[in-house]
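In order, the protein sequences belong to chains A and B.
Be aware that the first sequence starts at 1, since it is given in the numbering used here, and climbs by one per residue.
Be aware that the second sequence starts at 1, since it is given in the numbering used here, and climbs by one per residue.
No wet-lab data here; the hints were simulated from the structure.
Warning: the hint list may mix true and false statements.
With beta-carbon atoms standing in for the labels, derived distance ranges [unchecked claim]:
1) Y265/A / H261/B: 53 to 61 Å
2) R178/A / K361/B: 33 to 41 Å
3) E356/B / E377/A: 26 to 34 Å
4) K205/B / E377/A: 30 to 38 Å
5) E191/B / I13/A: 34 to 42 Å
Derived coverage of chain A by chain B (criterion: at least 3 residues anywhere in the stretch with Cβ under 8 Å from a Cβ of chain B; other residues may be distant) [to be verified]:
6) 185 to 198
7) 360 to 374
Beta carbons: idealized from backbone N, C-alpha and C, even for Gly.
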Amino acid sequence: MNIAAFYPIYFHIAGIAYAALSIIEAMQTENTKVSLMGITSGADLSKSFYRNAFPVWSKSIAYRILSEPQIQKISEFLFSRSINAPDIAYLWPATSLNLYQNLHRRKHKIIMESVNTHQMTSKPILDKEYARLGLQPLHGITLQDGVLESAKLALADFVFSCSPAVTNSLIAANTPQRKILESSYGLRKSDILSPDEMTLRSDNTEITAIFVGSIGVRKGPHLILDYWCKSNIKGKLKLVGDIHPEIRHIIEPYLKRSDIEHIPYVKDLKSVYKEADVFVLPSLEEGSPLVTYLALGAGLPCIVSPMGGGGVIEHGKEGFVINPHDEQSWIEAIRNISEDVSLRKSFSKNAYVKAVEYLWSAVGHKRTQLLHSRLNEQPD
Amino acid sequence: MTYLPILFGYHASNLGNSHVPLSLCRFWQEGGRKVKLIVASAEKNISYPWLQPAMTGLKKSLVYKLKIKDKPRYLAENEFFKTEMSAPVVYLWAGLSVDIFEQFHKNGAKIVIERINCHRATSRRVLKNAEDIWGVQPKNQITDEDIAGENRKLEIADAIFCPSPMVKNSMLENGVPSEKLLSTSYGWEPERFKSTSLIRHKNLKPVFLFVGTLCLRKGVPLLLEAWKRADIDGELLLCGAVDEDIQSGFAEQLKGKNVRHITYTKNIGKIYRQADVFVFPSLEEGGPMVTYEAMAHGIPPLVTAMGAGAIVENGINGVVLPDMDIDAWATAIKDIAENKERRAALGENARIRAQEFTWQKVAEQRAKLLEDRYPQLWNGCR
Numbered sequence: 001m002n003i004a005a006f007y008p009i010y011f012h013i014a015g016i017a018y019a020a021l022s023i024i025e026a027m028q029t030e031n032t033k034v035s036l037m038g039i040t041s042g043a044d045l046s047k048s049f050y051r052n053a054f055p056v057w058s059k060s061i062a063y064r065i066l067s068e069p070q071i072q073k074i075s076e077f078l079f080s081r082s083i084n085a086p087d088i089a090y091l092w093p094a095t096s097l098n099l100y101q102n103l104h105r106r107k108h109k110i111i112m113e114s115v116n117t118h119q120m121t122s123k124p125i126l127d128k129e130y131a132r133l134g135l136q137p138l139h140g141i142t143l144q145d146g147v148l149e150s151a152k153l154a155l156a157d158f159v160f161s162c163s164p165a166v167t168n169s170l171i172a173a174n175t176p177q178r179k180i181l182e183s184s185y186g187l188r189k190s191d192i193l194s195p196d197e198m199t200l201r202s203d204n205t206e207i208t209a210i211f212v213g214s215i216g217v218r219k220g221p222h223l224i225l226d227y228w229c230k231s232n233i234k235g236k237l238k239l240v241g242d243i244h245p246e247i248r249h250i251i252e253p254y255l256k257r258s259d260i261e262h263i264p265y266v267k268d269l270k271s272v273y274k275e276a277d278v279f280v281l282p283s284l285e286e287g288s289p290l291v292t293y294l295a296l297g298a299g300l301p302c303i304v305s306p307m308g309g310g311g312v313i314e315h316g317k318e319g320f321v322i323n324p325h326d327e328q329s330w331i332e333a334i335r336n337i338s339e340d341v342s343l344r345k346s347f348s349k350n351a352y353v354k355a356v357e358y359l360w361s362a363v364g365h366k367r368t369q370l371l372h373s374r375l376n377e378q379p380d
Numbered sequence: 001m002t003y004l005p006i007l008f009g010y011h012a013s014n015l016g017n018s019h020v021p022l023s024l025c026r027f028w029q030e031g032g033r034k035v036k037l038i039v040a041s042a043e044k045n046i047s048y049p050w051l052q053p054a055m056t057g058l059k060k061s062l063v064y065k066l067k068i069k070d071k072p073r074y075l076a077e078n079e080f081f082k083t084e085m086s087a088p089v090v091y092l093w094a095g096l097s098v099d100i101f102e103q104f105h106k107n108g109a110k111i112v113i114e115r116i117n118c119h120r121a122t123s124r125r126v127l128k129n130a131e132d133i134w135g136v137q138p139k140n141q142i143t144d145e146d147i148a149g150e151n152r153k154l155e156i157a158d159a160i161f162c163p164s165p166m167v168k169n170s171m172l173e174n175g176v177p178s179e180k181l182l183s184t185s186y187g188w189e190p191e192r193f194k195s196t197s198l199i200r201h202k203n204l205k206p207v208f209l210f211v212g213t214l215c216l217r218k219g220v221p222l223l224l225e226a227w228k229r230a231d232i233d234g235e236l237l238l239c240g241a242v243d244e245d246i247q248s249g250f251a252e253q254l255k256g257k258n259v260r261h262i263t264y265t266k267n268i269g270k271i272y273r274q275a276d277v278f279v280f281p282s283l284e285e286g287g288p289m290v291t292y293e294a295m296a297h298g299i300p301p302l303v304t305a306m307g308a309g310a311i312v313e314n315g316i317n318g319v320v321l322p323d324m325d326i327d328a329w330a331t332a333i334k335d336i337a338e339n340k341e342r343r344a345a346l347g348e349n350a351r352i353r354a355q356e357f358t359w360q361k362v363a364e365q366r367a368k369l370l371e372d373r374y375p376q377l378w379n380g381c382r
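All chains, please: the whole structure from these sequences, using the hints.
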């Protein structure tokens with residue numbers, strides 16, 4: 001079986017591009033070959049299955065003389081030309097409806113990758129939160145986007161869903177269950193602390209909590225800042241990531257406090273996790289955040305919203321899963337984690353043990369198996 | 001040079017140690033890298049154009065019947081020197097005489113050695129310590145002469161294949177220069193283990209499997225004691241011949257609660273399919289092939305650093321435990337017995353990890369190491 005994947009973005013070894021590379025690398029088996037095409041990449045990216053629509057040497061010229069829509073169009077043309085008759089097309093976000101239609105016409109089976117909840121679900125969630133904060137809805141999702149997404153889903157034979165929240169949103173958008181392939185994201189071996197490093201955490205009640213990700217409305221940093229202050233515990237809350245302009249005025253006053261620290265960028269994220277005692281993520285909307293998997297690998301107890309937990313954190317097992325607006329429960333959870341060292345340790349152990357279930361190698365492997373079994377069930 | 005001459009001084013059965021040179025040679029040859037492997041003798045069903053036994057037919061049966069110590073090895077060495085004396089690079093297996101090393105050294109050949117165990121000085125230290133702790137009578141002691149002989153071989157060798165990080169450490173510990181050391185691994189053969197793709201037995205109670213000779217060196221006393229302390233509702237399945245030291249000192253424990261012993265069987269794939277956890281607390285090992293094989297079957301391993309070989313990554317696809325800490329082993333046994341999900345996750349990762357260690361891949365990795373070091377090697381044929 002040949003699968004040709006397409007993700008029209010600039011590839012570098014970070015973020016969602018790195019997730020795509022990891023998954024596709026791990027999906028390869030003796031009889032399943034998966035290739036991947038992106039627009040272009042850094043010169044250091046060398047994977048045998050990956051190729052650029054625009055070779056590295058040409059990228060500066062291309063970006064100078066062509067507009068972004070032109071670059072996307074040419075990339076899609078090159079991808080569409082490279083895909084042969086029985087190959088399955090595996091399309092990542094940002095692929096145009098045009099390409100879906102073209103491939104569908106040519107009778108290719110199409111798999112779609114959903115990295116976030118369906119925009120029909122995410123839009124109202126975000127609209128509401130922006131309004132609650134008295135902000136214009138600057139999240140950039142329009143009704144039109146949701147309609148386009150549904151049109152693509154209609155043409156797709158399968159869709160990989162990375163979390164239960166994404167699955168629910170797909171079902172809410174009338175996607176038939178038979179199309180949905182439930183999976184997850186994951187982490188690398190090197191993201192998992194060694195058993196020795198795991199023993200280094202203190203039994204102190206003075207804890208370090210970390211929030212990792214872009215600091216915008218969607219991930220709820222304003223919520224955790226509020227809950228942290230109200231919990232009134234000893235310790236430090238570190239926010240790691242860029243602050244979005246839309247929310248800067250809400251975040252900045254908190255940064256004056258001595259128990260809150262903002263780290264705009266960090267090269268060695270693993271050390272941040274290693275030195276922390278608890279991971280917090282009260283996201284309003286997510287697919288399945290990679291930072292949560294890193295928390296498992298670092299054996300961190302988690303206090304997360306259902307979306308922030310990405311379907312991998314179980315309430316009462318690796319931490320607490322709490323509705324992002326349930327202020328009282330968040331405050332209690334933070335206090336609990338700080339005071340109850342044995343609870344913290346047990347969450348930590350469970351998280352650490354769970355991490356190995358989500359290595360990219362295992363995730364990719366399961367995806368291929370799942371796809372094979374579904375294809376076998378499907379009449380031609 | 002057109003081919004690489006390799007000497008293995010024992011009978012080639014494709015079981016145990018001889019499986020390693022046979023597998024490497026097979027894949028090198030298939031990939032266009034020509035070899036000649038001289039062995040003392042070979043099983044009837046093992047025949048390749050590149051395999052040359054020093055003894056066949058009547059001579060073979062006579063020599064083995066007369067049981068003249070070291071005679072098969074001596075004949076293989078003679079044959080090898082006679083035909084390969086002018087070779088610029090030779091690959092010599094463990095257990096050969098110092099003489100054959102000296103002969104090739106005198107002729108100016110570059111000698112590559114395969115280590116199948118740690119440095120003997122390390123082995124002696126490790127075993128002495130274990131004998132004291134467990135009160136076992138020492139046997140087949142490694143002598144000072146053995147160590148001197150080994151040091152001489154290592155001195156004149158140009159490169160040394162170390163099939164695990166522990167073997168490499170033992171070389172460094174004994175003053176072997178690191179430039180000589182080639183880090184590699186052992187492997188496993190998918191064709192031999194069709195069982196890897198079959199579904200494993202669903203046991204009601206977890207079965208913990210040990211495969212190998214039941215001896216002090218492989219940590220069997222610790223395993224038996226840890227098993228007793230863990231006191232779980234499961235079964236310890238020991239598969240292999242029993243050494244005297246265990247037979248005399250640990251007979252009671254061998255018949256202990258939930259312990260079952262079976263002798264080694266050729267159809268070991270069937271045994272792997274019955275297991276839920278692989279346990280291998282070896283004190284000294286070169287490359288534990290059984291660990292590779294168990295992992296290929298998706299069985300999570302509990303091992304010592306020696307038992308881990310080059311394959312187990314602690315906490316990711318197995319658990320690496322200290323080799324003298326009975327309580328740590330008992331706790332780990334209990335933990336993994338109680339946590340079915342963890343077993344499944346580690347086992348799945350083990351299966352995936354093992355895919356990187358098929359003999360075909362290991363042969364490729366080793367060939368690259370040799371080609372980097374000896375650019376003239378295989379030039380003529382690739």
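### Query
Do E356/B and E377/A keep their Cβ atoms within the hinted range of 26 to 34 Å?
Given range 26 to 34 Å: holds, Cβ gap about 31 Å.
### Query
Regarding R178/A and K361/B, is the given constraint of 33 to 41 Å on their beta-carbon distance met?
holds (38 Å)
### Message
If I claimed the Cβ atoms of E191/B and I13/A lie 34 to 42 Å apart, would that claim hold in this structure?
### Response
About 36 Å separates the Cβ atoms of E191/B and I13/A, which means 34 to 42 Å holds.
### Query
Counting residues of the segment 185 to 198 of chain A whose CB is closer than 8 Å to a CB in chain B, do you get three or more?
Coverage by chain B holds for the segment 185 to 198 of chain A (4 residues, Cβ < 8 Å).
### Query
Between Y265/A and H261/B, does the C-beta distance stay in 53 to 61 Å?
Between Y265/A and H261/B, where Cβ atoms are some 60 Å apart, the hint holds.
### Query
the segment 360 to 374 of chain A covered by chain B? Criterion: 3 or more residues, Cβ-Cβ distance below 8 Å.
Since 3 is at least three, the answer is holds.
### Query
Does 30 to 38 Å hold as the CB distance between K205/B and E377/A, or does it fail?
Holds: the Cβ-Cβ distance is about 34 Å, inside 30 to 38 Å.
Checked against the numbered hints listed earlier, the structure breaks none of them; every hint is satisfied.
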